[in-house]
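Chain residues, written in single-letter form:
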Amino acid sequence: MSVIKNLYYSSVGKKYIMAISGLCLLTFVIGHSLGNLQVFMGKETINRYAHFLQSNKEILWLVRIFLFTMLVLHLWTSIRLWFENRAARPIGYFGNPTPMSSTFASRNMMFMGIVLGCFLVYHILHYTVQVSDINLIGKDFSGAEFQIKGQRDVYKMMINGFSHPLVSLFYILGVGGLCFHISHGAHSLFQSVGINSQYYHRILEKAATILAIILFIGYVSIPVSVLTGILK
Amino acid sequence: MNLTLKVWRQKDASSQGYLETIEAKDINQYMSFLEMLDVVNEHLIVEGKEPISFESDCREGICGACSCAINGKPHGGHKGTTTCQLHMRYFKDGDTIVIEPWRSRAFPVIKDLIVDRSAFDRIIQAGGYISVNTGGAHDANSIPVSKEIAETAMDAAACIGCGACVASCKNGSAMLFVAAKVSHLNLLPQGKPEKDYRVKNMVTQMDEEGFGNCTNIGSCAEVCPKEVDLKFIAKMNRDYGLAILKGESRHKPDTISIQAELSELPID
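In the order they appear, the protein sequences are chains A and B.
Using the numbering used here, the letters of the first sequence map in sequence onto residues 1 to 232.
Using the numbering used here, the letters of the second sequence map in sequence onto residues 1001 to 1268.
Simulated from the structure, these hints should not be mistaken for lab results.
Don't be surprised by glycine CBs; every beta carbon is placed ideally from N, CA and C.
Each hint should be verified, as a subset may be incorrect.
So these bits of chain A aren't anywhere near chain B, every CB distance computed over 10 Å [as the list claims (entries may be wrong)]:
1) 34
2) 41
3) 50
4) 57
5) 120
6) 127
7) 130
8) 149
9) 151
10) 163
11) 176
12) 218
13) 227
14) 230
Computed cross-link-like contacts, SDA-like style, restricted to lysine to any residue with a CA-CA straight-line distance of at most 25 Å [to be verified]:
15) 1073/B with 90/A
16) 1073/B with 97/A
17) 232/A with 145/A
The following block holds chain A by itself, in its conformation from the complex (with noise of 0.2 Å):
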């Protein structure tokens, strides 16, 4: 029980757990951005894949919880880093001078998340659970409508999904923000749980800021190609 009871209480591993959990939230974002991708490979392919997903319930409820549960462990530590770091610098420097060697995203990780968060949200009532007063083109996601041979035809909910282009420019604030939490925040993860040296810093460094700019264009390009029609 100690390494618990450190592992919550103590800096070093809030950040652990700051970390872990950033990590387990990534890999599903890397992962979601992929499947996602079979937008471009066709209806067939897309739906099956959507399918694959719908039908072995234990296992898509098993990984529900688990992403549920390292995302309520990522934002309570944060909100619990967030009061101690305030505190524990009650008067700044005159003039609130830009912190040397920070970059935007370094700086900005609280609001970048908060950005996510609330798109999140959103996300997940207009596509998982299909709150159709949310989807601004009044169609109902789990009707008749959208289901091809009993199963979910989600390629075209995708296509619906995003005719609206309010709804896409959401979407693309909404990736933006997890873009540049992903290009801090995956190279500073290896640095929290101790995978770094001088050797491979820069490297971690540059890695992140690359995977972030490929998850930002494979997750804008779906929005984007529904509005240009690329995709019908």
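Start from chain A and add chain B according to the hints.
For chain B alone, coordinates are given in the frame of chain A:
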């Protein structure tokens, strides 16, 4: 050259501080920053005013006593430079310079630019030492240490405990200082027997002192006058993770078992 200084004035720990504008006239560009303050103070004394309180000791960049943030940057923000080694040639005639004390809850201001850094002492007392019987000096090479390890430990040991890392960190985190002290001893054979106990205790003490948490931004390493690398923070995090997993960190190893372990050397 003539400068305008905006200096943080605070009577004592419980008083409210404020920035006072003081003119610094006829400053020589070859002066160090502290010599400039000495000159300003002499003028203040002649005028019957309270001189600016600041800390200094060796004035050759090795003691870590000088502590003030110049234009929001601890030690002025020049690479590998302490305030005493910062020279006035870096400034231009007519410049306005803001001079403030270290900003951190764990470093309360005592007076003007002087802060209480005894939180660092308590962190060292929590584990920044090795427990061996003292006596006559051992032969320098009786415990073989590889060149690479010796150099890395020396890089960590270069930390002078000035507190610029805390002062530069937007979270007021002392991770670089503690990491340097932990790594310095944990890397060497003499420090290995108490490795787990040390890292666990020093991190616990750091948290108790009210320092913030590391967000891996790197301001600390940027401003460190001894250029202590961020890799030591990674090492401390690694050592901490292993120590709490092993669960051996709660008990301080006794001196006899440390001696026994050391007598089984060479390790490296």
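These are the hints, each one checked on the structure:
{"no.": "1", "hint": "34", "result": "holds, 27 Å"}
{"no.": "2", "hint": "41", "result": "holds, 38 Å"}
{"no.": "3", "hint": "50", "result": "holds, 37 Å"}
{"no.": "4", "hint": "57", "result": "holds, 35 Å"}
{"no.": "5", "hint": "120", "result": "holds, 22 Å"}
{"no.": "6", "hint": "127", "result": "holds, 32 Å"}
{"no.": "7", "hint": "130", "result": "holds, 37 Å"}
{"no.": "8", "hint": "149", "result": "holds, 51 Å"}
{"no.": "9", "hint": "151", "result": "holds, 45 Å"}
{"no.": "10", "hint": "163", "result": "holds, 40 Å"}
{"no.": "11", "hint": "176", "result": "holds, 20 Å"}
{"no.": "12", "hint": "218", "result": "holds, 25 Å"}
{"no.": "13", "hint": "227", "result": "holds, 36 Å"}
{"no.": "14", "hint": "230", "result": "holds, 39 Å"}
{"no.": "15", "hint": "1073/B with 90/A", "result": "holds, 17 Å"}
{"no.": "16", "hint": "1073/B with 97/A", "result": "holds, 8 Å"}
{"no.": "17", "hint": "232/A with 145/A", "result": "holds, 16 Å"}
When each numbered hint is compared with the structure, no violation occurs for any of them.
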